[in-house]
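Sequences listed follow chains A and B, in order.
So in the working numbering, spot 239 of the first sequence is number 239, and the numbers just go up one at a time.
So in the working numbering, spot 215 of the second sequence is number 215, and the numbers just go up one at a time.
These are computed hints drawn from the structure, not numbers from a lab.
There could be a bad hint or two in this list.
[As the list claims (entries may be wrong)] Interface residues of chain A toward chain B, partial, derived using beta-carbon atoms under 10 Å:
(1) Arg90
(2) Phe103
(3) Pro104
(4) Leu114
(5) Lys170
(6) Leu173
(7) Ile186
[As the list claims (entries may be wrong)] Beyond 12 Å from chain B on every Cβ pair, some chain A residues (computed):
(8) Ser12
(9) Thr80
(10) Leu83
(11) Glu92
(12) Gln98
(13) Gln110
Backbone N, C-alpha and C fix where the C-beta goes; we use that ideal spot for every residue, glycine too.
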Amino acid sequence: METAMSDQSSPSQPIIIARDVHKWYGHFQALKGINMEVNRGEVIVIFGPSGSGKSTFIRTLNRLEEHQRGQIIVDGIEVTHDLRNIEKVRTETGMVFQQFNLFPHLTVLQNITLAPIWVRKWKKQKAEELAMQLLERVGIPEQAQKFPGQLSGGQQQRVAIARAMAMQPKIMLFDEPTSALDPEMIKEVLDVMIKLAQSGITMLVVTHEMGFAKAVAKRMFFFDDGQIVESGTPDEIFKNPREDRTKLFLSQILTH
Amino acid sequence: MAHTTARQGILPPPTERYSVLGWLHKNLFSTWYNSLLSILALLLIYSLARGFLTWLISEAEWEVVRVNLRLLMVGQYPSAETWRIWLCLYLLAGITGLSWGVWVRGRWLLGAALLAAPLLISLAPGVTSTARNQLLGIDLAALLGFAIGRAGGKRLRRIAIILWVLYFPLVLLIVRGLALAESWLPIVTSNLWGGLLLTFLLTIVGISFSFPLGILLALGRRSSLPAVRWVSVSYIEVFRGVPLVTILFMASTMVPLFFPPGTRPDPVLRAMVGITIFTAAYLAENVRGGLQAIPAGQFEAAHALGLNGFQTMTFIILPQALRLVIPVLMGLFIALFKDTSLVATIGLLELLGISRSILAQPQFVGYQHEVLLFITMIYWIFCYFLSYISQRLEKSLGVGER
Chain A
1 METAMSDQSS
11 PSQPIIIARD
21 VHKWYGHFQA
31 LKGINMEVNR
41 GEVIVIFGPS
51 GSGKSTFIRT
61 LNRLEEHQRG
71 QIIVDGIEVT
81 HDLRNIEKVR
91 TETGMVFQQF
101 NLFPHLTVLQ
111 NITLAPIWVR
121 KWKKQKAEEL
131 AMQLLERVGI
141 PEQAQKFPGQ
151 LSGGQQQRVA
161 IARAMAMQPK
171 IMLFDEPTSA
181 LDPEMIKEVL
191 DVMIKLAQSG
201 ITMLVVTHEM
211 GFAKAVAKRM
221 FFFDDGQIVE
231 SGTPDEIFKN
241 PREDRTKLFL
251 SQILTH
Chain B
1 MAHTTARQGI
11 LPPPTERYSV
21 LGWLHKNLFS
31 TWYNSLLSIL
41 ALLLIYSLAR
51 GFLTWLISEA
61 EWEVVRVNLR
71 LLMVGQYPSA
81 ETWRIWLCLY
91 LLAGITGLSW
101 GVWVRGRWLL
111 GAALLAAPLL
121 ISLAPGVTST
131 ARNQLLGIDL
141 AALLGFAIGR
151 AGGKRLRRIA
161 IILWVLYFPL
171 VLLIVRGLAL
181 AESWLPIVTS
191 NLWGGLLLTF
201 LLTIVGISFS
211 FPLGILLALG
221 RRSSLPAVRW
231 VSVSYIEVFR
241 GVPLVTILFM
251 ASTMVPLFFP
261 PGTRPDPVLR
271 AMVGITIFTA
281 AYLAENVRGG
291 LQAIPAGQFE
301 AAHALGLNGF
311 QTMTFIILPQ
321 ALRLVIPVLM
331 GLFIALFKDT
341 SLVATIGLLE
351 LLGISRSILA
361 QPQFVGYQHE
371 VLLFITMIYW
381 IFCYFLSYIS
391 QRLEKSLGVG
401 ER
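Work out the full structure, taking the sequences as your base and the hints as a guide.
Below you can see the structure in the form of structure tokens.
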């Protein structure tokens with residue numbers, strides 16, 4: 001049997017391998033055999049109607065959801081029941097949520113430095129220096145001492161991105177990062193994400209922001225009914241979608 | 001001019017001011033039937049309170065309280081060791097003053113009121129001159145602590161918290177004694193503890209042990225391990241289903257069965273165990289309520305960052321959950337303070353117990369009104385104080401303002 005560690009971190013290997021991933025909630029089957037390989041530095045956009053399993057899928061990658069069949073290998077580590085493997089994978093993957101999920105009782109700076117200090121065991125000063133650099137990058141260094149409740153939605157989501165980046169992850173997962181935002185704040189978050197995509201980090205983004213996909217995605221995956229219906233480059237997907245379901249969905253989200 | 005200010009919207013809000021007569025007219029005598037109701041209500045209050053007021057003004061004799069003041073405060077705690085109780089109070093005043101200087105700073109009126117309390121007590125009849133000096137000393141300790149806290153500022157925050165955590169075990173040590181050397185802090189056995197002192201010790205021990213135990217039980221009830229969950233649920237359901245008096249009786253009659261014959265565990269210790277066990281079950285349910293109010297996204301965000309289960313609980317979930325339940329917990333602690341009076345039924349001489357034993361002496365028979373009213377006032381003052389602290393804490397932590 002192939003052990004999980006044998007193929008660790010060789011640069012030519014895909015950084016994420018998902019083989020025939022299945023997931024049930026009770027009797028409802030949310031994922032019906034997902035296969036996906038993501039290479040280092042790729043920016044992937046996943047889209048599809050609600051309930052299609054796209055969020056569930058990226059949440060299985062860092063084990064926020066458990067898959068019941070199939071295999072997931074992240075950066076050479078297989079995601080299984082083994083808690084040590086799960087913690088290793090989570091250390092290497094950052095995640096940004098639809099509802100931000102900042103810690104409301106901690107300041108912005110404490111939100112960002114908590115994991116580096118307690119998981120990476122960094123000195124507080126080093127963690128704070130990095131946190132301030134990240135806040136510069138997302139454009140809100142002046143908010144460091146505020147509490148999340150004092151920020152706008154767009155600012156909160158940018159803090160959430162900085163918080164995930166503070167662990168210096170190899171992979172960033174975005175679960176509908178702009179869906180809970182007012183229209184005028186979507187752009188400020190997308191700008192940060194575009195900058196991030198250009199920096200060469202591996203990104204998986206669940207989103208309906210097709211402008212973002214056109215600008216930075218290397219490949220796109222269309223999910224429906226727990227399956228990958230179609231995948232390809234943004235050019236292929238937007239200009240010649242092969243499947244009727246993809247065409248229909250694109251026409252629905254692009255016409256307004 | 002008035003026109004422009006109105007347009008800029010900076011008019012002060014209208015204030016309603018009434019004279020006393022105006023207030024009476026508005027609230028009590030606005031119509032003929034309201035006037036009738038008010039007069040009837042006043043007559044009713046008068047007829048109910050008349051007996052009490054005549055007694056309070058002309059018949060009450062407070063001699064019994066004055067003579068037994070020491071018993072009511074500390075029970076039969078030996079006179080030679082009373083300085084230890086004063087030491088505890090000095091420390092309490094000092095740490096309170098320090099915390100006041102570090103966190104509160106302003107609020108001069110309330111500070112002055114707190115400082116005035118020992119002075120007022122020292123003016124009361126029946127207070128000995130040594131006690132009077134000690135009470136003055138307590139105010140000095142508080143002022144000293146305040147000066148240090150104010151000078152030190154934020155740097156002393158951590159120290160102040162550590163001092164509070166250390167204070168309560170330290171009080172137990174000082175009161176009980178160490179007996180390290182022959183004559184140094186000899187042990188004062190718990191059968192000599194009594195009065196308000198014992199009431200406080202029971203409360204302090206009850207709070208400090210039921211708090212961690214209750215949190216563990218609340219976490220245990222949510223655990224994914226069936227054995228842990230099962231033990232927690234049965235503990236909580238068993239002890240919430242039994243009255244405290246029953247638990248105290250059980251503790252005093254059944255606990256000795258578990259010990260080798262001949263050794264009798266200390267009755268005060270048994271009462272403390274009973275109170276702790278009982279309170280922990282309620283506290284666990286309150287904390288569980290707080291835990292349930294934390295959205296799943298908080299767990300997910302913490303896990304996604306690589307924090308393990310313990311770190312997630314300690315840094316993310318518990319701080320938020322406990323903040324939410326502060327009002328409920330303070331209510332629980334106030335109830336605990338009052339419920340300590342139940343240990344009188346198993347023969348301990350805390351505030352209520354010692355009052356009953358005083359009233360049982362032939363020379364004080366018939367003075368139960370005075371003594372009971374006195375200890376009622378003591379209970380009320382401390383409960384009101386605790387509930388006031390709880391309100392302040394709620395405000396400063398912003399509970400309910402999320």
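Right, here's what the structure says about each hint:
For A/Arg90, the interface hint holds, since its Cβ comes within 10 Å of a Cβ in chain B; the closest pair sits about 4 Å apart. Interface hint status for A/Phe103: upheld, as the beta-carbon distance to the closest one in chain B is roughly 6 Å, under 10 Å. Interface hint at A/Pro104: satisfied, since its Cβ lies 7 Å from the closest Cβ of chain B, which is below the 10 Å cut-off. For A/Leu114, the shortest C-beta to C-beta distance to chain B is roughly 6 Å, which falls under 10 Å, so the interface hint holds.
At about 13 Å, the closest approach between the beta carbon of A/Lys170 and any beta carbon in chain B exceeds 10 Å, and the interface hint on this residue is violated. The criterion of a C-beta within 10 Å of any C-beta in chain B is met by A/Leu173, whose closest approach is roughly 8 Å, and the hint holds. Of the supplied interface hints, the one on A/Ile186 is violated, with its beta-carbon coming no nearer than about 20 Å to a beta-carbon of chain B, more than 10 Å. The claim that A/Ser12 lies off the interface holds: its Cβ sits roughly 27 Å from the closest Cβ of chain B, which is beyond the 12 Å cut-off.
Once the 12 Å rule is applied to beta carbons, A/Thr80 is consistent with being away from chain B; the minimum gap is 16 Å. Taking the minimum C-beta to C-beta distance to chain B, about 8 Å, the non-interface status of A/Leu83 is violated against the 12 Å cut. Listed as a non-interface residue, A/Glu92 fails to keep its Cβ farther than 12 Å from every Cβ of chain B; the least gap is roughly 9 Å. A cut-off of 12 Å between C-beta atoms contradicts the statement that A/Gln98 is not in contact with chain B; the least separation is 9 Å.
Not every C-beta of chain B lies more than 12 Å from that of A/Gln110, the closest at about 9 Å, which undercuts listing it as non-interface.
Checked against the numbered hints listed earlier, the structure breaks hints 5, 7, 10, 11, 12 and 13; every other hint is satisfied.
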